[in-house]
Amino acid sequence: MNARPRVTAAAGIFLLVFFVASGVREARAQETRQPSLTPDAPTAAGPEKPAAPRPAKERMAVYVLLAWVWLSIGVLLGLLRLRVREADRVFRMGLERPAEKTPKNRVTDG
Amino acid sequence: MNTLRAWVEERLGLSTVTRYLEKKEVPRHKHTFLYYTGSSIFLFLGIQIVTGVLLAFYYRPTLAEAHASIVRIMTEVPLGWLVRSVHSWSATFMIALVFVHLLGIALTKAYRQPREATWITGALLLGLSLSFGFTGYLLPWDELSLAATKVGTDLPKALPLVGGWITRVMRAGEDVTGDTLSRFFTVHVSVLPLALLALLGVHLLLVQRHGMSVPLEEERKGAKGPFLPFWPNFAFREAGVWLVLAGLLMTTAVLAAPGVGLKADLMAPAPAGIQPEWYFLFLFQTLKLIPAKVLGLNGELAAIVIIMAGMAAFLLLPFIDDRPFERKGQIITGLAWAALAYAVGMSIWSLL
Numbered sequence: 001m002n003a004r005p006r007v008t009a010a011a012g013i014f015l016l017v018f019f020v021a022s023g024v025r026e027a028r029a030q031e032t033r034q035p036s037l038t039p040d041a042p043t044a045a046g047p048e049k050p051a052a053p054r055p056a057k058e059r060m061a062v063y064v065l066l067a068w069v070w071l072s073i074g075v076l077l078g079l080l081r082l083r084v085r086e087a088d089r090v091f092r093m094g095l096e097r098p099a100e101k102t103p104k105n106r107v108t109d110g
Numbered sequence: 111m112n113t114l115r116a117w118v119e120e121r122l123g124l125s126t127v128t129r130y131l132e133k134k135e136v137p138r139h140k141h142t143f144l145y146y147t148g149s150s151i152f153l154f155l156g157i158q159i160v161t162g163v164l165l166a167f168y169y170r171p172t173l174a175e176a177h178a179s180i181v182r183i184m185t186e187v188p189l190g191w192l193v194r195s196v197h198s199w200s201a202t203f204m205i206a207l208v209f210v211h212l213l214g215i216a217l218t219k220a221y222r223q224p225r226e227a228t229w230i231t232g233a234l235l236l237g238l239s240l241s242f243g244f245t246g247y248l249l250p251w252d253e254l255s256l257a258a259t260k261v262g263t264d265l266p267k268a269l270p271l272v273g274g275w276i277t278r279v280m281r282a283g284e285d286v287t288g289d290t291l292s293r294f295f296t297v298h299v300s301v302l303p304l305a306l307l308a309l310l311g312v313h314l315l316l317v318q319r320h321g322m323s324v325p326l327e328e329e330r331k332g333a334k335g336p337f338l339p340f341w342p343n344f345a346f347r348e349a350g351v352w353l354v355l356a357g358l359l360m361t362t363a364v365l366a367a368p369g370v371g372l373k374a375d376l377m378a379p380a381p382a383g384i385q386p387e388w389y390f391l392f393l394f395q396t397l398k399l400i401p402a403k404v405l406g407l408n409g410e411l412a413a414i415v416i417i418m419a420g421m422a423a424f425l426l427l428p429f430i431d432d433r434p435f436e437r438k439g440q441i442i443t444g445l446a447w448a449a450l451a452y453a454v455g456m457s458i459w460s461l462l
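For the record, the sequence lines run as chains A and B. For the first sequence, my numbering assigns the number 1 to the initial residue and increments by one for each residue that follows. For the second sequence, my numbering assigns the number 111 to the initial residue and increments by one for each residue that follows.
Since the hints were derived computationally from the structure, they do not count as laboratory data. Keep in mind that the hints are not guaranteed to be accurate.
[Claimed, not checked] Stretches of chain A that chain B covers, calculated by requiring three or more beta carbons in the stretch to come under 8 Å of a beta carbon on chain B:
| no. | region |
| --- | --- |
| 1 | 55–62 |
| 2 | 68–82 |
[Stated by the list, open to error] With beta-carbon atoms standing in for the labels, derived distance ranges:
| no. | chain 1 | residue 1 | chain 2 | residue 2 | range |
| --- | --- | --- | --- | --- | --- |
| 3 | A | Arg81 | B | Ala178 | 43 to 53 Å |
| 4 | B | Phe152 | A | Arg81 | 15 to 25 Å |
| 5 | A | Arg83 | B | Glu120 | 25 to 35 Å |
| 6 | B | Pro188 | A | Arg92 | 43 to 53 Å |
| 7 | B | Val301 | A | Leu77 | 36 to 46 Å |
| 8 | A | Ser72 | B | Ala308 | 33 to 43 Å |
We treat Cβ as the ideally placed atom computed from N, Cα and C, and that holds for glycine.
Same shape as in the complex, but just chain A:
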């Protein structure tokens, strides 16, 4: 990158930072938790729900599945690599071969 764009980029960042920095105090005030209207009301939903299964057996099953996934991906990548090499070899042969010109009105024997 040349010096001019670099200077422009730096100036842009400086201006943006300056612009938003003036609102930092207000942002902090907004982030402060407001008092609840119903502070003692119990939540009907209960505690936060876990994301993944907790039983050890189920967790292990998931990790085994993951291992199989990566193993399959590894095998497929190996096969793809062979196909890519073959396709590239065929393409190179086609590119390197001089163009064959078929003579017009070619008479074939028989």
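Starting from the known structure of chain A, fit chain B onto it as the hints suggest.
Showing chain B alone in chain A's frame:
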């Protein structure tokens, strides 16, 4: 097998497509890896559609049942937590790739003539992807998603004349309620997918029409540079990239499955530490930092004007940057880097 192939060929004529793909050329240069980002977006889009349909079998978009149905998906439906996690993470992966794809195009100036329309459709597709994220975020109906949606839908209110109307249309009323949830669900599963598929069709058509762009330094060399046939050489490489990405997605989905928070309470105050999805963090942080008054203007109005101006500039970038490799183009590149640094910096700040 050959009989079946002949039967299919006679009816569908697929060999025409194969012949076209064999003739399609993919240029080889130092930026070739960027071509993989475009096609990989398809992978995640496909995963989104499949997992989205699976989730829709069990999800109930009503005030009373939305949260409970998500909890049911997470705890009772076999592998429901995994399907939800894959859906959530593939959205993240997809949007990240859309950003990388557009960034690559912007920095290599691939939007230059005659590909302006391709850029515009791509930028609109980014907008649709973000809309998917925004509407999908509310669907679990937990306190965090409610608070974030309130903030997001409140934003257009600052606009004069139409602002209040836009907010009411988005919320299906004055406030975020069960009607908002139903509306967001409908938009998420029917309006946006239809719009996306239509726009994607146009985008792909334009990509096929103009071919793949090459960086200017390659173009300046004059002679045709090295290339690969799309089928099978590039397609096999692409398949490898897809496999690795699918593996990464699966691993992330298993190891970092998203939970579900407490059920949203319309009367409760906003919880501490509300945050939108990562791709809106820089906007969120900017909004928090903008003072109440900017040059005598309402702070929110100033913010929304700046955001809209930024979006318009992004959409019309090929027309603004009409001399991409002259001084003007270099200045625009500098500004693009500055904007990127700003977005990353703000996002990180928001997470701290």
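Against the structure, the hints:
For a cut-off of 8 Å, the count of residues in the region 55–62 of chain A with a CB near a CB of chain B stands at 1, and the three-residue condition is violated. For the region 68–82 of chain A, the assignment as covered by chain B holds, since 7 residues bring a beta-carbon within under 8 Å of that chain's beta-carbons and 3 suffice. At about 48 Å, the CB distance of Arg81 of chain A to Ala178 of chain B agrees with the hint of 43 to 53 Å. As the Cβ distance of Phe152 of chain B to Arg81 of chain A is approximately 22 Å, the hint placing it in 15 to 25 Å holds.
Distance hint check for Arg83 of chain A and Glu120 of chain B: the Cβ-Cβ separation is about 28 Å, which falls inside the suggested range of 25 to 35 Å. For the pair Pro188 of chain B and Arg92 of chain A, the beta carbons lie near 50 Å from each other, so the given range of 43 to 53 Å is met. The hint said 36 to 46 Å for the Cβ distance between Val301 of chain B and Leu77 of chain A, and at roughly 39 Å that hint holds. One distance hint, 33 to 43 Å for the beta-carbon pair Ser72 of chain A and Ala308 of chain B, holds here, with the actual separation near 35 Å.
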